[in-house]
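K.L.:
Going down the list, the sequences are from chains A and B. End of the first sequence = 426 in the working numbering, gap-free, step of one. End of the second sequence = 1426 in the working numbering, gap-free, step of one.
In case anyone wonders, no lab produced these hints; they're calculated from the structure. Don't be surprised by glycine CBs; every beta carbon is placed ideally from N, CA and C. Careful: at least some of the hints might be erroneous.
Said to hold, decoys possible - As a list, the in silico DSBU-like pairs of lysine-lysine whose alpha-carbon atoms are at most 30 Å apart: (1) B:K1343 with B:K1383; (2) A:K13 with B:K1125; (3) B:K1343 with B:K1368; (4) B:K1018 with A:K125; (5) A:K18 with B:K1125; (6) A:K383 with A:K368; (7) B:K1327 with B:K1383; (8) B:K1327 with B:K1343; (9) A:K13 with B:K1094; (10) A:K327 with A:K343; (11) B:K1094 with B:K1327; (12) A:K94 with B:K1013; (13) A:K327 with A:K383; (14) A:K13 with A:K383; (15) B:K1368 with B:K1327; (16) A:K18 with A:K383; (17) B:K1368 with B:K1383; (18) B:K1383 with B:K1018; (19) A:K368 with A:K343; (20) B:K1013 with A:K125; (21) B:K1125 with A:K125; (22) A:K368 with A:K327; (23) A:K343 with A:K383; (24) B:K1018 with A:K94; (25) A:K94 with A:K327; (26) B:K1013 with B:K1383; (27) B:K1094 with A:K18.
To be verified - The calculated label-pair distances, taken between Cβ atoms and stated as ranges, are: (28) A:F297 with B:R1385: 21 to 29 Å; (29) B:F1295 with A:A367: 26 to 34 Å; (30) A:L174 with B:A1002: 55 to 63 Å; (31) A:R90 with B:R1068: 27 to 35 Å; (32) B:G1363 with A:H231: 53 to 61 Å; (33) B:A1338 with A:F297: 29 to 37 Å.
Stated by the list, open to error - A few chain B residues facing chain A, derived, Cβ under 10 Å: (34) M1103; (35) C1106; (36) H1275; (37) V1294.
2 protein chains.
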Amino acid sequence: MADIDTLLARRAKLLGAKAPLFYDRPLHIVRGEGVWLYDADGRRYLDAYNNVPVVGHCHPEVVDALARQAATLNVHTRYLHETILDYGERLVAKFDASLSMVMFVCTGSEANDQALRIARTHTGKQGMVVTNLTYHGNTTAVDAVSPLFYGRDVINPEVRSIPYPDRYRAPPGLEGRALTDHYLAALERAIASLEESGVGFAGLLLCSIFANEGLPDVPADFMPRALELTHRAGGLFIADEVQAGFGRTGRMWGHEIMGVVPDIVTLGKPMGNGHPIAAVVTRAELLEEFRERVFFFNTFAGNPVSCAVAAKVLDILERDRLMENAKRVGDHLRAGLARLAAKHAIIGDVRGQGLWVGIELVGDRVAKTPAASEAQRVVNEMKARGVLMGRIGEFDNVLKIRPPLPIGTAEADFLLDTLDGVLAAL
Amino acid sequence: MADIDTLLARRAKLLGAKAPLFYDRPLHIVRGEGVWLYDADGRRYLDAYNNVPVVGHCHPEVVDALARQAATLNVHTRYLHETILDYGERLVAKFDASLSMVMFVCTGSEANDQALRIARTHTGKQGMVVTNLTYHGNTTAVDAVSPLFYGRDVINPEVRSIPYPDRYRAPPGLEGRALTDHYLAALERAIASLEESGVGFAGLLLCSIFANEGLPDVPADFMPRALELTHRAGGLFIADEVQAGFGRTGRMWGHEIMGVVPDIVTLGKPMGNGHPIAAVVTRAELLEEFRERVFFFNTFAGNPVSCAVAAKVLDILERDRLMENAKRVGDHLRAGLARLAAKHAIIGDVRGQGLWVGIELVGDRVAKTPAASEAQRVVNEMKARGVLMGRIGEFDNVLKIRPPLPIGTAEADFLLDTLDGVLAAL
Chain A
1 MADIDTLLAR
11 RAKLLGAKAP
21 LFYDRPLHIV
31 RGEGVWLYDA
41 DGRRYLDAYN
51 NVPVVGHCHP
61 EVVDALARQA
71 ATLNVHTRYL
81 HETILDYGER
91 LVAKFDASLS
101 MVMFVCTGSE
111 ANDQALRIAR
121 THTGKQGMVV
131 TNLTYHGNTT
141 AVDAVSPLFY
151 GRDVINPEVR
161 SIPYPDRYRA
171 PPGLEGRALT
181 DHYLAALERA
191 IASLEESGVG
201 FAGLLLCSIF
211 ANEGLPDVPA
221 DFMPRALELT
231 HRAGGLFIAD
241 EVQAGFGRTG
251 RMWGHEIMGV
261 VPDIVTLGKP
271 MGNGHPIAAV
281 VTRAELLEEF
291 RERVFFFNTF
301 AGNPVSCAVA
311 AKVLDILERD
321 RLMENAKRVG
331 DHLRAGLARL
341 AAKHAIIGDV
351 RGQGLWVGIE
361 LVGDRVAKTP
371 AASEAQRVVN
381 EMKARGVLMG
391 RIGEFDNVLK
401 IRPPLPIGTA
411 EADFLLDTLD
421 GVLAAL
Chain B
1001 MADIDTLLAR
1011 RAKLLGAKAP
1021 LFYDRPLHIV
1031 RGEGVWLYDA
1041 DGRRYLDAYN
1051 NVPVVGHCHP
1061 EVVDALARQA
1071 ATLNVHTRYL
1081 HETILDYGER
1091 LVAKFDASLS
1101 MVMFVCTGSE
1111 ANDQALRIAR
1121 THTGKQGMVV
1131 TNLTYHGNTT
1141 AVDAVSPLFY
1151 GRDVINPEVR
1161 SIPYPDRYRA
1171 PPGLEGRALT
1181 DHYLAALERA
1191 IASLEESGVG
1201 FAGLLLCSIF
1211 ANEGLPDVPA
1221 DFMPRALELT
1231 HRAGGLFIAD
1241 EVQAGFGRTG
1251 RMWGHEIMGV
1261 VPDIVTLGKP
1271 MGNGHPIAAV
1281 VTRAELLEEF
1291 RERVFFFNTF
1301 AGNPVSCAVA
1311 AKVLDILERD
1321 RLMENAKRVG
1331 DHLRAGLARL
1341 AAKHAIIGDV
1351 RGQGLWVGIE
1361 LVGDRVAKTP
1371 AASEAQRVVN
1381 EMKARGVLMG
1391 RIGEFDNVLK
1401 IRPPLPIGTA
1411 EADFLLDTLD
1421 GVLAAL
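Chain A extracted, bound-state conformation (with noise of 0.2 Å):
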């Protein structure tokens, strides 16, 4: 087995010096299970951080349906066959009775940049409007909606980026109605920026939970009036479910928390537990028009090889109760994480919803001062200790805990017993 500084070289090399790597020191990881993965060494480690996997890693009943499938066929929708109708009926009855077709992708970008396609077919016009602080993938286009890694600065004259709400850090002495007020006049200021610059509003395209945001906690009416002004103006609200999706939140999409139905969904990386399929599903006169006047065709999406894969994942989810683990379990954390927070004060805010939680961490409770250099402290010991994290938001100060759905009680503890000693430690 080759050593770490080995594999970095031929790596940089192959695929480039700046290819994003986790961790100061970089894990090699070997085999996955379940809810644990493991390195060359054989050392294991909790996964708290990997959305992908969501009925847990390698699991053997998806590999069984994976290899079945590619035994028997696997080819483009071209030709008819039955794996996409049962899946996408399946799938699609998971979803308000307005939201009836699917188109098939591979990946979350993808299925980001149809979307987009779809509302700029719709309303004839170019402009979307995304938060200051999303990533939506890596397409052209869709890099084009994703600020995250660009900051703030960044202009498209055709998107513009409103402030993501958040009531954590909320403009002082604003709450309730006011709040949301404030959020949607910004969202209004862009819709009348793109109208007036001539670009035109095509949509609203939002993450249901705002991951890359930070997870923040949102006011409850901003994403049904967000919806509404969004409609008022013309546009299409687009809801990015590919991280909140598949019932990682405890309710199987994001906006059925938000309180919202979308015009258009996009899904994607849990779809197929790490198998690349992905979708927009929407409404019956959208894509129907779409397909009247743009010619779309993906020749690996929606082959039966995923759509049996994707099929399994449902059922896993579904006959496991993966859901409601996800609820219970995510409750758990989040209680253990309050009774931390009573211990340690750089624990500024714990949010989120099932097995979607965000810690933030802060020099000081009143002032709020992002403690972006010790979060980053923190992932890479609770690395050392056997659980893997991440981090995220505005300030990089917020960890991030999304374990695959199978996690129990027993694992959840092992995870605030860690992160105990690690915030004592710092």
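Mind docking chain B on chain A? Use the hints.
P.N.:
What follows is chain B alone, placed relative to chain A:
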């Protein structure tokens, strides 16, 4: 087993009435093996269409590699794993030494989208030149460089299209260097137009074998001189090998046949024999520069499962000498087609390399009047007699043959005999 009309009705409701399908009466495919596909009634079809299952449908060794890796580990590339390095190093070794780095993605569309981003980042300019009858994929940016389905009149300020090189339908009186001069003059005008408009010239994007253009007979000096002209104008030369690559032409890459070393190469379809994996291969300084200036990460791309599958595809290509087989059986097919051309005046031209075969049907060999409706009838009638093929080209009159590479001469003879019968009955 549901009947075809029931499946069509379900499909229209779920995916859209305009979601593309093959054949006047679509096929319901349930099983694949080697070069054969089987429909729900148990009928078998020689697959002379599908270029994705390059080592044959449902190859047991590919399925085994897929299942074994999926049971062991499937994670993203921000942890170190060796599969991506082992495969990637082996892949780039199959290119000119200057093309030493790789970026993995999941689809050919994603590969071309990132290639555009690399070229635009490097040149600081936005303008691309493509042919007037090409298709490179389906993202917003790639759709804009894909005039095939939109006709010649679609204008995008960042794109200029030029006539594709074609010795069979060359302007009267032009041949040799003068013919190439004619096509290159269009490229020069396109570059000048982009520069004059202020958009600037970022690069030339060409399918190495002009697959969607109908696999034309390209003047031998076209590609080298187009590359030279592109470089002289400060642009990058992108070779789209999504269709041409991985041995089908009898060479590993189409650009080898065309006598050029591109700046950027994009790969897709056959790379994983149907598993969604694709890539951009390019020079170190271009990828390093891109990664320095742009954040790029793709959750699914380069995961250990995709890389294990792609490595097994290379194993089989090499061990079974499928490139040599492609040349041998392809030559056998073309020789047989030449004999059919002596019997059937509708065959205007037979061309291609390896197991890429184009047969241009014409109403009159002198006037070269395209026989599109006859081509459509041939494709449907071949299907009825158990052979799958397609049609393509400016006039939809070019029969397209591109079977899985393990096809033997016996199956090629079955195709030839069937085609003989279909042409005789036209």
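K.L.:
Hint compliance check: list the failing hint numbers for this structure, sorted ascending.
P.N.:
none
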